[in-house]
Amino acid sequence: MTIIKKIIERFASGNPSREVRDAFGEWLVEDDRQQAKEDALYRIWMNLCSEDLSDSTRERRMKLEMLHRHTGAEKRKSRLLWRCAGIAAAVVVLLAGGFLLNHRMRAPQAVCILTADNARGHHILPDGTSVWLNSGSTLRYAQDMGRTGSREVFLEGEGYFDVVHDGTPFCMKTSSFDVQVLGTQFCVRQSPLFNEDQVTVASGSVQVGSAGTAPVVLSPGEQYVMDKGSGESCVRKVDTADYLSWFAPIMVMDNLPLSKVLEKLEHRYNVKVSVGRGVDTLSRLSLKVSDETKERVFSVIGILTNTEVCYIDDKHILLTNN
Amino acid sequence: MDIEGSIESDYIRRLAEGSYEVFDYFYLKYASLVESFVRVLVKDGSVAEDICQEVFLNIWRSRHVLKGVSSMKNYLFIMSKNAVYDFYLKRGHPKTEEEFLTVENLPPSLKGDLQQEEDIRDFLLLVNVTVSEMPEQRRRVFCLSRKDGLKNKEIAQLTGLSEKTVEYHISKALAQLKSL
Numbered sequence: 001m002t003i004i005k006k007i008i009e010r011f012a013s014g015n016p017s018r019e020v021r022d023a024f025g026e027w028l029v030e031d032d033r034q035q036a037k038e039d040a041l042y043r044i045w046m047n048l049c050s051e052d053l054s055d056s057t058r059e060r061r062m063k064l065e066m067l068h069r070h071t072g073a074e075k076r077k078s079r080l081l082w083r084c085a086g087i088a089a090a091v092v093v094l095l096a097g098g099f100l101l102n103h104r105m106r107a108p109q110a111v112c113i114l115t116a117d118n119a120r121g122h123h124i125l126p127d128g129t130s131v132w133l134n135s136g137s138t139l140r141y142a143q144d145m146g147r148t149g150s151r152e153v154f155l156e157g158e159g160y161f162d163v164v165h166d167g168t169p170f171c172m173k174t175s176s177f178d179v180q181v182l183g184t185q186f187c188v189r190q191s192p193l194f195n196e197d198q199v200t201v202a203s204g205s206v207q208v209g210s211a212g213t214a215p216v217v218l219s220p221g222e223q224y225v226m227d228k229g230s231g232e233s234c235v236r237k238v239d240t241a242d243y244l245s246w247f248a249p250i251m252v253m254d255n256l257p258l259s260k261v262l263e264k265l266e267h268r269y270n271v272k273v274s275v276g277r278g279v280d281t282l283s284r285l286s287l288k289v290s291d292e293t294k295e296r297v298f299s300v301i302g303i304l305t306n307t308e309v310c311y312i313d314d315k316h317i318l319l320t321n322n
Numbered sequence: 001m002d003i004e005g006s007i008e009s010d011y012i013r014r015l016a017e018g019s020y021e022v023f024d025y026f027y028l029k030y031a032s033l034v035e036s037f038v039r040v041l042v043k044d045g046s047v048a049e050d051i052c053q054e055v056f057l058n059i060w061r062s063r064h065v066l067k068g069v070s071s072m073k074n075y076l077f078i079m080s081k082n083a084v085y086d087f088y089l090k091r092g093h094p095k096t097e098e099e100f101l102t103v104e105n106l107p108p109s110l111k112g113d114l115q116q117e118e119d120i121r122d123f124l125l126l127v128n129v130t131v132s133e134m135p136e137q138r139r140r141v142f143c144l145s146r147k148d149g150l151k152n153k154e155i156a157q158l159t160g161l162s163e164k165t166v167e168y169h170i171s172k173a174l175a176q177l178k179s180l
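First to last, the sequence lines map onto chains R and W. In this text, residue positions in the first sequence follow my numbering: the first is 1, and each later residue adds one. In this text, residue positions in the second sequence follow my numbering: the first is 1, and each later residue adds one.
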C-alpha cells in the first residue's frame with residue numbers, strides 16, 4: 001500500500017488531535033501527487049456502507065426542510081401546487097382556518113391529507129401510526145387524534161396502515177365499512193375505480209364492520225372483499241405480497257406473466273388496465289419499478305411486449321397488439 | 001434495457017430543469033453519505049453537517065450544469081471532496097506545537113534511507129497520525145522522550161511511572177512506528 005493511501009486511510013479511521021488533523025489537511029490540499037490522494041479518497045467514498053450512515057429519516061427530513069428555505073421550495077409549498085411527479089408527494093391541508101399543519105392550534109382541527117394523481121405519500125399520524133396513501137386518495141382525521149382516547153380516521157381511495165399499539169382502539173372508516181384495530185398492519189382499498197373494496201391484513205388482526213352485516217374478524221394473510229355491485233362480502237386467503245407491494249420503494253417483478261405484472265401495476269398506480277385480443281398475457285417479464293411515472297413504466301411494458309399503450313383516460317389503459 | 005441507469009439520467013435532467021421533487025429525492029438518498037464522508041475527513045460533526053448542506057445547496061444553485069452528468073453519486077463525490085479541500089485551504093497553515101513531531105524528533109533508525117523531501121514529509125505525517133492514535137500513556141511518554149528530549153529517568157519522575165514502564169512504552173511505540 002502506498003504511503004499516501006496509508007496516511008489517508010489511517011487518518012480516516014482514527015481520532016487524531018486537532019494539530020494532526022490540520023497538518024493532514026494542509027498536506028491533503030497540496031498539488032503534489034494529487035491524483036493518488038483523490039484515488040484514496042474515492043476508495044473511502046465507495047466503501048462507506050449504509051451501516052455507517054446512521055441518521056434517522058426524521059432528522060434527515062428536517063435538514064431537508066431547512067434547505068427548502070433556500071431553494072424556494074418552501075414558497076411553492078404554501079401555494080398548494082399539485083405536480084404530477086413520479087416521486088411520492090403528500091400535501092397536508094388544514095380544513096378549517098387555512099393554516100399549515102406545523103402551526104400549533106388550540107382547538108382540535110380536522111386534518112386532511114391528499115395525494116395527487118400519479119403520486120404516493122407517506123405520513124405519520126399524531127399517534128405515531130404510519131400511513132402510505134396511494135395516488136388520488138384522501139385521509140381525514142382530527143388533529144388531537146391519539147390524545148383523546150379514541151383514534152379515528154376517514155379514508156377514500158387506498159391506504160396502508162402500520163398502526164401503533166397504544167392501548168386504544170384505532171378505527172379506520174370509509175363510506176362503506178369500518179375497520180377496527182388495536183395495533184397491526186393492514187391495507188384498505190375503497191375506491192370508485194374498482195368493483196371490489198378490499199381490506200388486506202399483513203399482521204395482527206382487524207375487525208371489519210359494515211351496515212346490515214355482522215362484523216368480521218380478519219387474521220394475517222386474509223382479505224375481506226366487498227363486491228360493490230351485489231353488496232356481498234366474503235373473506236378469502238391471499239398472498240399479501242400481491243396486494244401490499246404498491247408502496248414499497250422498489251417493486252421487483254421477476255419473470256412474472258404479463259397478467260400478474262399488470263395486476264401489480266394496477267395496484268401501484270391506481271389504474272385499470274385492459275388487454276386487447278391477441279395480446280399474450282402469459283408472456284413473462286422481469287422488471288424493477290421504483291419512483292417512475294406510470295407513463296414511463298407502461299411505455300417500457302409496451303416495448304417489452306411489443307404492444308401499443310393507449311390512455312383512454314388518466315385511469316384507464318389499453319394494451320393492444322402492434 | 002437498463003432501466004435504472006437511464007432513469008437516473010432522466011432524474012438528473014429533470015433536476016437540471018429545476019424539479020424540487022428530484023432534488024429532495026437525491027438529498028434523501030445521498031445526504032447521509034456526503035455527511036459521513038466529510039465527517040471522516042474533517043473530524044467534526046457539525047462542520048460536516050454544514051458542509052453537507054452547502055454541497056446540496058450549491059448543487060441546486062448551479063443545477064443547470066448538471067445536464068451532462070450521468071452519475072449523481074460520482075458528481076457528489078467531486079463536490080464533497082472539493083468542499084473538504086476548501087475547508088482546509090481556508091484554515092491556512094497550522095501551528096504545530098505540543099505533541100506534533102518534526103523531522104528532528106524522528107529516531108534515525110526510523111528515517112531509514114528516505115531522501116526525498118516529500119517522502120520525508122509524508123512519512124512524518126504518517127508518524128504523527130499514528131502517534132496521535134496511541135493510547136494516552138504511550139503517546140505522552142514517547143513525545144516527552146522525542147520531542148522534549150527528556151531522559152527515561154526524567155520522564156519517570158514527571159509522570160510518576162516506573163522507569164521500566166517508561167522503557168516499555170517507548171519500545172512499544174518504536175515497534176509500532178517501525179512497522180509503518
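Keep in mind that the hints were calculated from the coordinates and are not lab data. Virtual Cβ for every residue (Gly too), placed ideally from N, Cα, C. One or more of the hints may lead you astray.
Claimed, not checked - Coverage of chain W stretches by chain R, computed from C-beta distances (three or more under 8 Å per stretch; other residues unrestricted):
no.: 1; region: 143-152
no.: 2; region: 173-179
Said to hold, decoys possible - Here are the simulated distance ranges between beta carbons:
no.: 3; chain 1: R; residue 1: D32; chain 2: W; residue 2: E167; range: 31 to 41 Å
no.: 4; chain 1: W; residue 1: E54; chain 2: R; residue 2: T320; range: 33 to 43 Å
no.: 5; chain 1: R; residue 1: R33; chain 2: W; residue 2: H93; range: 36 to 46 Å
no.: 6; chain 1: R; residue 1: R58; chain 2: W; residue 2: D86; range: 40 to 50 Å
no.: 7; chain 1: R; residue 1: G72; chain 2: W; residue 2: S71; range: 22 to 32 Å
no.: 8; chain 1: W; residue 1: P135; chain 2: R; residue 2: R296; range: 16 to 26 Å
no.: 9; chain 1: R; residue 1: T2; chain 2: W; residue 2: G92; range: 53 to 63 Å
no.: 10; chain 1: R; residue 1: I250; chain 2: W; residue 2: P107; range: 48 to 58 Å
no.: 11; chain 1: R; residue 1: A241; chain 2: W; residue 2: S70; range: 28 to 38 Å
Claimed, not checked - Here are the simulated PhoX-like pairs of lysine-lysine, each with C-alpha atoms no more than 25 Å apart in a straight line:
no.: 12; chain 1: W; residue 1: K67; chain 2: W; residue 2: K90
no.: 13; chain 1: W; residue 1: K178; chain 2: W; residue 2: K153
no.: 14; chain 1: R; residue 1: K288; chain 2: R; residue 2: K315
no.: 15; chain 1: W; residue 1: K178; chain 2: R; residue 2: K6
no.: 16; chain 1: W; residue 1: K147; chain 2: R; residue 2: K6
no.: 17; chain 1: R; residue 1: K6; chain 2: W; residue 2: K81
no.: 18; chain 1: W; residue 1: K67; chain 2: R; residue 2: K5
no.: 19; chain 1: W; residue 1: K73; chain 2: R; residue 2: K63
no.: 20; chain 1: W; residue 1: K67; chain 2: R; residue 2: K6
no.: 21; chain 1: R; residue 1: K272; chain 2: R; residue 2: K315
no.: 22; chain 1: R; residue 1: K5; chain 2: W; residue 2: K178
no.: 23; chain 1: W; residue 1: K153; chain 2: R; residue 2: K5
no.: 24; chain 1: W; residue 1: K172; chain 2: R; residue 2: K5
no.: 25; chain 1: W; residue 1: K153; chain 2: R; residue 2: K288
Hint check:
1. Residues of the region 143-152 of chain W lying with their CB closer than 8 Å to a CB of chain R number 0, which falls below the three-residue condition for coverage.
2. Only residues whose beta carbon comes within less than 8 Å of a beta carbon in chain R count, and the region 173-179 of chain W has 0; fewer than three means the coverage is violated.
3. For the pair R:D32 and W:E167, the supplied restraint of 31 to 41 Å holds, since their beta-carbon distance comes to about 38 Å.
4. Against the hinted window of 33 to 43 Å, the Cβ-Cβ separation of W:E54 and R:T320 comes to about 52 Å, which falls outside the hint.
5. Checked against the hint of 36 to 46 Å, the C-beta distance between R:R33 and W:H93 comes to roughly 20 Å, which is inconsistent with it.
6. Separated by about 30 Å at the C-beta atoms, R:R58 and W:D86 break the suggested range of 40 to 50 Å.
7. Checked against the hint of 22 to 32 Å, the pair R:G72 and W:S71 passes, with Cβ atoms roughly 26 Å apart.
8. Remark: the range hint 16 to 26 Å for W:P135 to R:R296 is contradicted by a beta-carbon distance near 57 Å.
9. Distance hint for R:T2 and W:G92: a CB-CB separation of about 28 Å, inconsistent with the stated range 53 to 63 Å.
10. Range check, R:I250 to W:P107: about 57 Å between beta-carbon atoms, so the 48 to 58 Å window is met.
11. Distance hint check for R:A241 and W:S70: the Cβ-Cβ separation is about 34 Å, which falls inside the suggested range of 28 to 38 Å.
12. About 30 Å separates the Cα atoms of W:K67 and W:K90, which puts this hinted pair outside 25 Å; it is violated.
13. Taking the CA atoms of W:K178 and W:K153, the gap is about 24 Å. The hint holds against a cut of 25 Å.
14. The suggested pairing of R:K288 with R:K315 holds, with an alpha-carbon distance near 22 Å, which does not exceed 25 Å.
15. With a C-alpha separation of about 14 Å, the suggested pairing of W:K178 with R:K6 holds against the 25 Å cut-off.
16. For the given pair, W:K147 sits about 24 Å from R:K6 by alpha-carbon distance, which is consistent with the 25 Å threshold.
17. For the proposed pair R:K6 and W:K81, the alpha carbon gap of about 18 Å is at most 25 Å, so the pair holds.
18. At roughly 33 Å between alpha-carbon atoms, W:K67 and R:K5 are farther apart than 25 Å, so this suggested pair is violated.
19. Proposed proximity of W:K73 and R:K63 is supported: the alpha carbons are some 20 Å apart, at most 25 Å.
20. At most 25 Å may separate the alpha-carbon atoms for a hinted pair to count; W:K67 and R:K6 exceed this at roughly 36 Å.
21. Using a Cα cut-off of 25 Å, the hinted pair R:K272 and R:K315 holds, with the two alpha carbons roughly 6 Å apart.
22. Distance check on the hinted pair: R:K5 and W:K178 sit about 17 Å apart at the alpha-carbon level, within 25 Å; holds.
23. About 38 Å separates the Cα atoms of W:K153 and R:K5, which puts this hinted pair outside 25 Å; it is violated.
24. Only pairs whose Cα atoms come within 25 Å are accepted, and W:K172 paired with R:K5 is accepted, the gap being roughly 24 Å.
25. Proximity of W:K153 to R:K288 is assessed by CA-CA distance (about 71 Å); at most 25 Å being required, the pair is judged violated.
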